[in-house]
Amino acid sequence: MSTDVIVIGLGHAGCEAALACARMGLQTVGITLRADRVAVMSCNPAIGGTAKGHLVRELDALGGEMARAADLAGTHVVTLNASKGAAVRATRVTCDREAYAHAMQQTLAAQPRLTVLEGEVVDLLVRDGAVVGVTLGEGRELSGRAVVVTTGTFLSAVMHVGERQELGGRLGDAAATGLSGALRRLGFELGRFKTGTPARLLRDSIDWSRCEPQPGDPSPRPFSLRTPREGFPSRPRLACAVTHTNEQTHRILRDNLQSSALYQGAIVGRGPRYCPSLEDKVTRFADRARHTVFLEPEGANSPLVYPAGLSTSLPADVQLAFLRTIVGLERVEVARFGYAVEYDYAPPTQLLPTLETRRVRGLFFAGQLNGTSGYEEAAFQGLLAGINAGLGLRGEPALVLGRHEAHGAVLLDELVTRGVDEPFRMMTSRSEHRLVLREGNAEFRLRAHGGRVGLVTPLEAERSAARAAAIAAELARLDARHHLVALRRPGVTWASLVANDPDRPELDADLVDELETEARYAGYVKQANAAWTRRLDEHDRWQIPAGFAWAEVPGLSTEAREKLSRLAPTTVGQARRVPGVTPAALSLVLVHLRRTVPSMFHVER
Amino acid sequence: MGAVSTIAAIATGPAAGGIGIIRLSGPVALEAARVVARFPSVVRPRFAHRVEVRVDEQVVDDGLALFFPSPRSFTGEEVVELHLHGSPRLLSLVLGVLVRHPGVRLADPGEFTRRAFLSGRIDLVRAEAVADLIAAESEAQVRAAAAQVSGALSARFESIGAQVLAVRADVEGVLDFPDEADGAEQGLAGRLDAVVASIEALVADGERGALLRRGARVVLFGPTNAGKSTLFNRLIGDGRALVDSEPGTTRDALEARVELGGLAVTLVDTAGLRDGAGRLEALGIERSRAVLRGADLAVLVAPPGAHASYRAEVEEARRLEVVSKADLFPQAEGLAVSGVTGVGLEALREVLLERLGAGVAGAAVVSSERQLEGLRRVLTAVRAAREAVDVATLEVVGGELGLAVDALAELTGADASRELLDAIFARFCIGK
Chain U
342 MSTDVIVIGL GHAGCEAALA CARMGLQTVG ITLRADRVAV MSCNPAIGGT AKGHLVRELD
402 ALGGEMARAA DLAGTHVVTL NASKGAAVRA TRVTCDREAY AHAMQQTLAA QPRLTVLEGE
462 VVDLLVRDGA VVGVTLGEGR ELSGRAVVVT TGTFLSAVMH VGERQELGGR LGDAAATGLS
522 GALRRLGFEL GRFKTGTPAR LLRDSIDWSR CEPQPGDPSP RPFSLRTPRE GFPSRPRLAC
582 AVTHTNEQTH RILRDNLQSS ALYQGAIVGR GPRYCPSLED KVTRFADRAR HTVFLEPEGA
642 NSPLVYPAGL STSLPADVQL AFLRTIVGLE RVEVARFGYA VEYDYAPPTQ LLPTLETRRV
702 RGLFFAGQLN GTSGYEEAAF QGLLAGINAG LGLRGEPALV LGRHEAHGAV LLDELVTRGV
762 DEPFRMMTSR SEHRLVLREG NAEFRLRAHG GRVGLVTPLE AERSAARAAA IAAELARLDA
822 RHHLVALRRP GVTWASLVAN DPDRPELDAD LVDELETEAR YAGYVKQANA AWTRRLDEHD
882 RWQIPAGFAW AEVPGLSTEA REKLSRLAPT TVGQARRVPG VTPAALSLVL VHLRRTVPSM
942 FHVER
Chain P
651 MGAVSTIAAI ATGPAAGGIG IIRLSGPVAL EAARVVARFP SVVRPRFAHR VEVRVDEQVV
711 DDGLALFFPS PRSFTGEEVV ELHLHGSPRL LSLVLGVLVR HPGVRLADPG EFTRRAFLSG
771 RIDLVRAEAV ADLIAAESEA QVRAAAAQVS GALSARFESI GAQVLAVRAD VEGVLDFPDE
831 ADGAEQGLAG RLDAVVASIE ALVADGERGA LLRRGARVVL FGPTNAGKST LFNRLIGDGR
891 ALVDSEPGTT RDALEARVEL GGLAVTLVDT AGLRDGAGRL EALGIERSRA VLRGADLAVL
951 VAPPGAHASY RAEVEEARRL EVVSKADLFP QAEGLAVSGV TGVGLEALRE VLLERLGAGV
1011 AGAAVVSSER QLEGLRRVLT AVRAAREAVD VATLEVVGGE LGLAVDALAE LTGADASREL
1071 LDAIFARFCI GK
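Respectively, the protein sequence lines represent chains U and P.
So the mapping is simple: the working numbering equals the position in the first sequence, first residue as 1, plus 341.
So the mapping is simple: the working numbering equals the position in the second sequence, first residue as 1, plus 650.
Just so you know, these hints were derived from the structure itself, not from any lab.
We put the beta carbon where it would ideally sit given N, CA and C, even for glycine.
Any given hint might turn out to be false.
[To be verified] Simulated DEER-style distance windows between Cβ atoms:
#, chain 1, residue 1, chain 2, residue 2, range
1, P, 809, U, 630, 43 to 53 Å
2, U, 575, P, 848, 53 to 63 Å
3, P, 854, U, 588, 23 to 33 Å
4, U, 821, P, 833, 37 to 47 Å
5, U, 937, P, 707, 30 to 40 Å
6, P, 836, U, 845, 34 to 44 Å
7, U, 556, P, 707, 57 to 67 Å
Produce the entire structure from the sequences given, and follow the hints as far as they go.
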C-alpha cells in the first residue's frame, strides 16, 4: 500500500497536518491508535488564552482547522486582558469536550484524499537518507513520500497515580512503545518530560451556590474567519465558576508529599513551571494562603467538571481528602483521579525551520513530541509541518514565517534555534514584535500565505486583502486631514472623530478596532522597529551549508563551539541568536565561512 | 525587515589629536551624515568637501567630509568619513547625533574590517590575518570584561538590571498570566521613577569618567583684559608635564596640553569677548564661541562683578566661574585667583579636577563610549516605559521595558529571554 503523506498520531498537531496535506491535493493517511480518540482534549477543555488565542487566529488565517472546531464546540468565551492593550487581548473558549472531538472527526471523515487508519507505527522506513514509509504493528508496511510524526505524550509513556505506575499515554489509552526505539536507531536524541492533569469531578456533586460565578462574554465573536456571524454561538452558554484552596488543603498536601510521584522524584522528566502540580505550588509558594481553582464544565450533556489549578499525582485517597476541604467541593465525587504522565520528547534543535528533521529527508516532527505543551502550540506546528511536507512534495518553496509575521513563527524559531529545557508554552513576551502581532490582524498578516500554499481560497484571500486596504485607505485619508494625531488621544474614537464627516467610509466594527489600534500604536511600532533594525543585519539571509564543520572554526571558545555544533544553525542570523555566541565569535564564524564557502557571500546590489 | 544596519564609529584613537575621523558604513551613511554635515546637494564621490558641522542647529566645527559610494569603498558599502578637529568631546557629540538616526548604530569592535572582508574588499590572502586580528580583539574584550566583573560599578550595573527585570517580570506576568498575576502592576510609576534615577546617576558618572579616558578640554573665556592669558601661562608654567604648546593654526586660540592630577587636560585660551567689537574682532569672537562649544569645562575668567554678562555663552553644567586679578582685589568673593602672584591656583586646580570627575567611583566602570551609549539607550527606553504608564496601555509599557532589557543585555551579554521567564516563574504562582 502506498500514499503521499503519512501522519503518525491524530491529536491536535496530527489533525492539522493531515488536513493540510489532503487539502493541498496529496493522498494522505492518518494513523491513530484508536479512531474514536482522534482530536481528544486530554487536559483542560479550553482552546485559546494569552498567546494561545493568537496562535489559533494565526492558524485560522493560514487555513487551519482548530478555530472552526472551537467555534462549533464552544460553551463559554472570555476575552482576557481586555483593558491591557489590543496586542495582548486574547480569546479563550471553553469547549464541550465531546463536541470538539466530534467536530474534528467529522471534518477528517469528510475530507477527500484523507484516510484514517487504526494501528501502531513501530518503525520508520528510510532509504538513502530519506523516509520512504512506515511499518505498522502487525508487520504491514505502508510506503509514503513524507511522514509527519505527531505522537504527543504517547512515546514510551508512563502514567503515575500516587506510587502506582502503568504504561499509557493518557488514561484509558496505551502507550506507543516501538517508535522510540526506531527514532533512536535513526540517530535521534530523545529526552524525558512530564506533565500532569487534575481529577475530573462530578458536576452534580459540586455546591455551585458556594462558588463565584464566572460569566462569559455575552456576545462573543467567532474565533474563525470562516465561522458565519449569524447563528453564532451555536451552543448554549455554560457557566464556569471560581473557588479557592485554603490552609487545610495545603496541610493535607504537605503531609502527603512523600507519596506524590510529581514531587518525590519518581518522575525523571522535567515538568512545566507554568503548569505546576498543586503539591509544587504549596511548597514553592508556602506563604500563599490560597490558590485559585477554576471549575469548567466539560459540556452541556457531560456529567464532568474540570478543576483547573489542581494538577496532582497524589494517591486517590489523598486527592479526595484535599478536594473536600475546598469551598463548594465539600461533598464532591470524583469520576477520574488526577495523574502525571512522563513521556519521550525529541529535542527540537534536531529540526530545520520547516520542522523537517535534519537527519532524515521527508520526515517531520510536530507537536508535543517537540517538547511543547498546549493544544494550540501543537496545532500550529502540525499545520506548518503539514504545509511544508506538502510544499516539498509539490516541489515548491517552503513556508518559513518571519518572527515579525506571527507568534507561531516565534514559536518555531525558538524551538529549532534555542531548544527547550522544559515543556514549551508560547507567551506574548517571547515576541519582540508583539505590538503588531495581534489577534485582530492575524488575517492581514497571514492569509496571503494561506492563499499561496492553497489552504485559503482566492476569494477568501481577496476579501482579507480588501479589508486591509479599507483600513489603509481610511488611515491615509485621516492622515491627509491631519486627524491621526487626534485619534491617538485617549478617549477619542474613530466614530466620534468622523461623526460629522460626510466622506467617512462604512467600516465593520472589527475594522474600526484595527484602525484605531494601528493609529494609536504607529509611533511605538516605529520606535520598536528602529530598535530591531539597528540589530538586524544581512545575517538572516546567509545560509550555512548542512554539515558545516563547526569544530574547525579556529579561535572559537569551547562553549561557543560546543553549542554551535549541537544546534547547527542554518543561517548566520540563527547562529547569532544562539545564547553565548559573542560578536567576536560570530566574526570568527563569518571569516571561516567566507574562507570555506566562498559562494555564500554573493553581494546583492 | 532584514535591512543592513549602518554602523558608525570614531576611527581615530581616543587621545586628543589634531584631527579626528568619524566613519559611517552602510546604506544610510550619507543620509545620516547629512544630519550633521552640510554636504552640497550634489555630492562628488571621493572628494573632500569642506562642510559646516552642526549639532542641534549650532555650528560646532568646520571640517572635511568624503563620500565613497558602494562598492568602491573600504567596506564595499556606502561610506562617509567626517574629518573634524580632534576635540574628543566634539567627536562624541557628533557621533551621538549620528547614532540617534534610526538606521545607525555604533559599530562592533572590528566590524568595519569584517564588512570589508565579507564584501570581498580584502582578499583571501589576508583572511588569516583578519581572523587573528579578530581573535586578538575578542581576547582583549574578554580581558576587559573580566576586569569589569569586580568593583562598585558592575554592582551598579547589576542592580539596575535587577530592578528593570523585576518590573518587567511583573508587567509581563500580568499580561501573560492574567488569572494568577493580576495586581502586580500596582505602583509601576514610582518603581520606574526610581530606576530612571539610578540610570541617570550612572550615566552622569560615566560621562565624567569619559574625560578620564580621553582627556579633558578646558577653555578659558571671558572679557578682554580679564587676565586670561596670564592665568593660562601660569597654569602651563606650573604644569608638571608640559607636553606641547603651539599657537593655534586653525583658530585664534592657544592650546596647550598639561597633566593635572593624573588627568590629561588640553587647556585653551580664547580671544576676549566684547560687545560692540569691530568686524575683524567679531570674527575672532565667533571662533571663540565655536571653541566653547567643544569644551568639557569652560572657565569664565572675569574681574569681580563682571561675570553676569558672559554667563549666557555656556550652560551652567559646563561653566566654572573664576574671579581674576585677586592681587588687585583682595576682598573679592568666590574662587579668586591671580595669574601674577599665583594666589588661588592650587584651589583652582582642585576645583578643576573635581568638576572634571577625577575620582568618581563609577568612572572606571563605564569604560567605553559603547557602554555609555548602551546605558543611554537603556535610559531612553525606561523613560519611555515610565511615560507609557500614564498615556498608554500595559503592553506598551512591557514593550518599552523589553527594549530596555535588550539594551542592557547587549551591555552585559545576559540571556534576556531566559532571565525574564525565570523571574516571572519565581514571582508568581502560575498554573492550572
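Structure-based check of all given hints:
no.	hint	verdict
1	P:809 to U:630: 43 to 53 Å	32 Å, violated
2	U:575 to P:848: 53 to 63 Å	56 Å, holds
3	P:854 to U:588: 23 to 33 Å	50 Å, violated
4	U:821 to P:833: 37 to 47 Å	44 Å, holds
5	U:937 to P:707: 30 to 40 Å	51 Å, violated
6	P:836 to U:845: 34 to 44 Å	40 Å, holds
7	U:556 to P:707: 57 to 67 Å	59 Å, holds
Taken one by one, the earlier hints fail for this structure at numbers 1, 3, 5, listed in ascending order.
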